[in-house]
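Asks: Sequence:
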Amino acid sequence: MTIDILVVGAGHDGLVCAFYLASAGLIVKLVERRDVGGAAVTEESHPGFRNSVAAYTASLLNPKVIAEMNLSVHGLTMVDRRASNFLLQPGGRCLLTGPGRTSAELAKFSVADAEAHPRHSDEIDAIADVLRDFRTSSSRPRPMGHVDYRTGGVTGAPGHNAARTSMRDFRSRFA
Numbered sequence: 003m004t005i006d007i008l009v010v011g012a013g014h015d016g017l018v019c020a021f022y023l024a025s026a027g028l029i030v031k032l033v034e035r036r037d038v039g040g041a042a043v044t045e046e047s048h049p050g051f052r053n054s055v056a057a058y059t060a061s062l063l064n065p066k067v068i069a070e071m072n073l074s075v076h077g078l079t080m081v082d083r084r085a086s087n088f089l090l091q092p093g094g095r096c097l098l099t100g101p102g103r104t105s106a107e108l109a110k111f112s113v114a115d116a117e118a119h120p121r122h123s124d125e126i127d128a129i130a131d132v133l134r135d136f137r138t139s140s141s142r143p144r145p146m147g148h149v150d151y152r153t154g155g156v157t158g159a160p161g162h163n164a165a166r167t168s169m170r171d172f173r174s175r176f177a
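Each residue of the sequence shown is one higher than the last, beginning at 3 in the working numbering.
Hints may be right or wrong, so weigh each one.
Listed next, the in silico EDC-like pairs over lysine to aspartate or glutamate satisfying Cα-Cα at most 16 angstroms (straight line) [unchecked claim]:
hint, residue 1, residue 2
1, Lys66, Asp135
2, Lys31, Asp15
3, Lys31, Asp6
4, Lys66, Asp15
These are computed hints drawn from the structure, not numbers from a lab.
Just so we're clear, the structure is a prediction, and the values are computed from it rather than from any experiment.
Taking the hints into account, I'd like the entire structure generated from these sequences.
Replies: See the structure below:
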């Protein structure tokens, strides 16, 4: 059998790529160095602490991809997390972030950061929207000089200024 495409790595991205390539009629071979792919692995990152280090990335899968791959029929059930992050700090303090709670949690450490958080979050969301749209577009490749990758090719798109500033300047807007 002749293989059209070799996909190396059976993580989320590799599996999705292999699915769409095979759906387009190509003969795909998918290889993975681990016994289990799809980031469905548990690792011992600290002695005695076992965690699925990349399972959270499943939440980043585009709902359109989930539907097109018919993943619910294959057993996928997405479970909303009550918190986005739990960050244990020295001395037993913690930062528990998530929708509706991050600013209050930040205030335990810095009132200024808590007050700046909504503006920072809005800017990050605007940038993420541009990147999501760009990632799911299927435009034909063009010479690099003709595409503004900072805006997904759309001049004046939300978030386009953030890519033109240094990280220090970006952070200073929220200090």
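Asks: Assess, step by step, whether the Cα of Lys31 is no farther than 16 angstroms from the Cα of Asp6, and give holds or violated.
Replies: 8 angstroms, holds
Asks: Given the hinted pair Lys31 and Asp15, is their Cα-Cα distance within 16 angstroms?
Replies: 14 angstroms, holds
Asks: Would the pair Lys66 and Asp135 pass a check requiring their Cα atoms to be no farther apart than 16 angstroms?
Replies: 13 angstroms, holds
Asks: CA of Lys66 to CA of Asp15, is that 16 angstroms or under?
Replies: 14 angstroms, holds
Of the numbered hints stated above, none is contradicted by the structure.
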